[in-house]
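Engineer: Protein chains in written order, with the working numbering: chain A, 1 to 117; chain B, 1 to 246.
Keep in mind that the hints were calculated from the coordinates and are not lab data.
Built from N, CA and C at the ideal position, the CB exists for glycine as well.
Some hints could be false.
Just some of the chain A residues that point at chain B, by a computed CB distance under 7 Å [claimed, not checked]: (1) L68; (2) D69; (3) R72; (4) A73; (5) T79; (6) K85; (7) A87; (8) H89.
Calculated pairs, PhoX-like style, for lysine-lysine (alpha carbon to alpha carbon, straight line, at most 25 Å) [claimed, not checked]: (9) K103/A <-> K13/A; (10) K13/A <-> K98/A; (11) K104/B <-> K2/B; (12) K13/A <-> K55/A; (13) K223/B <-> K2/B; (14) K85/A <-> K169/B; (15) K45/B <-> K77/B; (16) K169/B <-> K104/B; (17) K55/A <-> K21/B; (18) K13/A <-> K21/B; (19) K2/B <-> K103/A; (20) K66/A <-> K103/A; (21) K2/B <-> K13/A; (22) K223/B <-> K77/B.
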Amino acid sequence: MSQRLRRRYIAVKIESDHPVEERDFHDAVWTSILRLFGEYGASQAELALIEYDPKMNQAVLRCSHKVLDQVRASIVAVTGVQNEKVATHILLVSGTLKSLRRKLRTQKAPDRVAPAL
Amino acid sequence: MKFYADLHLCPTLERTDEARKLIQKSAELGYDAVGVAFPVGVEQKRIQEIRDICVTSGLDFVTRIDLTPNNPASLLKSLRSLRRQFEVIAVLCHSKTVARQAAKDRRVDLISFPSPDFRKRFFDSAEAALASEATVSLEVDMSPLLRLQGFQRSRLLSFLRRETLIAKKSHVPIVLSSGASTASLLKKPQDYAFLSYLFGLDFSEAMRGFSENSRTIVDRNRKKLSPNHVAPGVYIIRRGEDCHNG
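If we strip away everything but chain A, and leave its shape as in the complex, we get:
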């Protein structure tokens, strides 16, 4: 019997003086994971970019719940995209995309802190 994969959805705010392309951001997060945890660690992350809103400068990433700590540290460690300075802040972490969207909608302040799951 196969076990259901448990995932975590992470909403990220990207701050930059220049527009950041979806693909460049995705690459930057991957590079950060590879630098910090190597290829083996990156393979366990099962990282995927689910949504990217260039207007709001927000992204939603998905990862395996087992490596959430590693992925959060890697996202925070991103300091540049395509040689431009970038600061990333984790807004929220949730178990389902639906609840993440609901929490994002209901939060009043745009950069509410993420609860530690």
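For chain A, the structure is supplied; the task is to place chain B on it using the hints.
Structural biologist: Just chain B now, with coordinates in the frame of chain A:
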């Protein structure tokens, strides 16, 4: 209500605009208090400028001085002259004798080891035992973790892992601070707590480093610097006329 303090902001004091940006960014990111590191011999005018920026940004301003003495005697001399002027005193230890003296002196609030050279990181169990007795805290700056890459970062992580483990064993409070000189290196306390996973601090321990441990230092020193402080444990609670003997 949670109180978050970043006790180590390093703006270029001559550039008021940059300092303002940094302080405003701290307020945006959810900090309640910031400590700005001043050099020895700073003018009062400069301190007042930074204080005004903090007040307009809605932040509690904490005065801090970073001492980098060459020997224990010069550390003691600086402490004698500066302890009553600043709310937080941090000693950046570049030699073992200075590190030992700083760890056992109750006038020191924070000890920090900024050198990337393993021969200049003196936070061992003996140092931790002294710091624990004198309630001196270990400060960990987070910005080098964002600035460095590759071998240098992995080496720094290895030092920090070892030092935080020793600090936890000896019950030395760990204070996390940004050490940021530019706004792009500033993160929310929670983001830094996620990053501290890399050197073995769990989320709650890291958050304590930004909240309770920092607040304890500031509150303790403000009490001591208050005109109502007489001696440890003795405070003036009310002023009035002399008692008349009946």
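Engineer: Next pair to validate is K55/A with K21/B; report whether the Cα-Cα distance is within 25 Å.
Structural biologist: Distance ~23 Å between K55/A and K21/B Cα, so the pair holds.
Engineer: Keeping to a limit of 25 Å between CA atoms, is the pair of K169/B and K104/B held or broken?
Structural biologist: Answer holds: K169/B to K104/B is near 17 Å, not above 25 Å.
Engineer: Check the hint pairing K104/B with K2/B against an upper bound of 25 Å on the C-alpha distance.
Structural biologist: This hinted pair is violated, its Cα atoms lying about 31 Å apart.
Engineer: Sort out whether K98/A lies within 25 Å of K13/A, counting only the CA atoms.
Structural biologist: holds, 18 Å
Engineer: With a cut-off of 25 Å on the C-alpha distance, tell me whether K103/A and K13/A pass.
Structural biologist: holds, 14 Å
Engineer: For the restraint on A73/A, tell me whether the closest CB of chain B is nearer than 7 Å.
Structural biologist: With a minimum Cβ separation of about 5 Å from chain B (threshold 7 Å), the hint on A73/A holds.
Engineer: Does the alpha-carbon distance linking K66/A and K103/A stay inside the 25 Å limit?
Structural biologist: holds, 22 Å
Engineer: Would the pair K13/A and K21/B pass a check requiring their Cα atoms to be no farther apart than 25 Å?
Structural biologist: holds, 19 Å
Engineer: Given the hint that K13/A pairs with K55/A, test it: the Cα-Cα distance must not exceed 25 Å.
Structural biologist: With a Cα-Cα distance of about 11 Å, the restraint between K13/A and K55/A holds, given a limit of 25 Å.
Engineer: With a cut-off of 25 Å on the C-alpha distance, tell me whether K2/B and K103/A pass.
Structural biologist: holds, 21 Å
Engineer: Starting from K85/A, check that the Cα of K169/B is at most 25 Å away, please.
Structural biologist: Violated, at roughly 38 Å.
Engineer: Taking 25 Å as the top limit, are the C-alpha atoms of K2/B and K13/A close enough?
Structural biologist: Within the cut-off at roughly 22 Å; holds.
Violation of the numbered hints given earlier is confined to hints 1, 11, 14; the remaining hints are satisfied by the structure.
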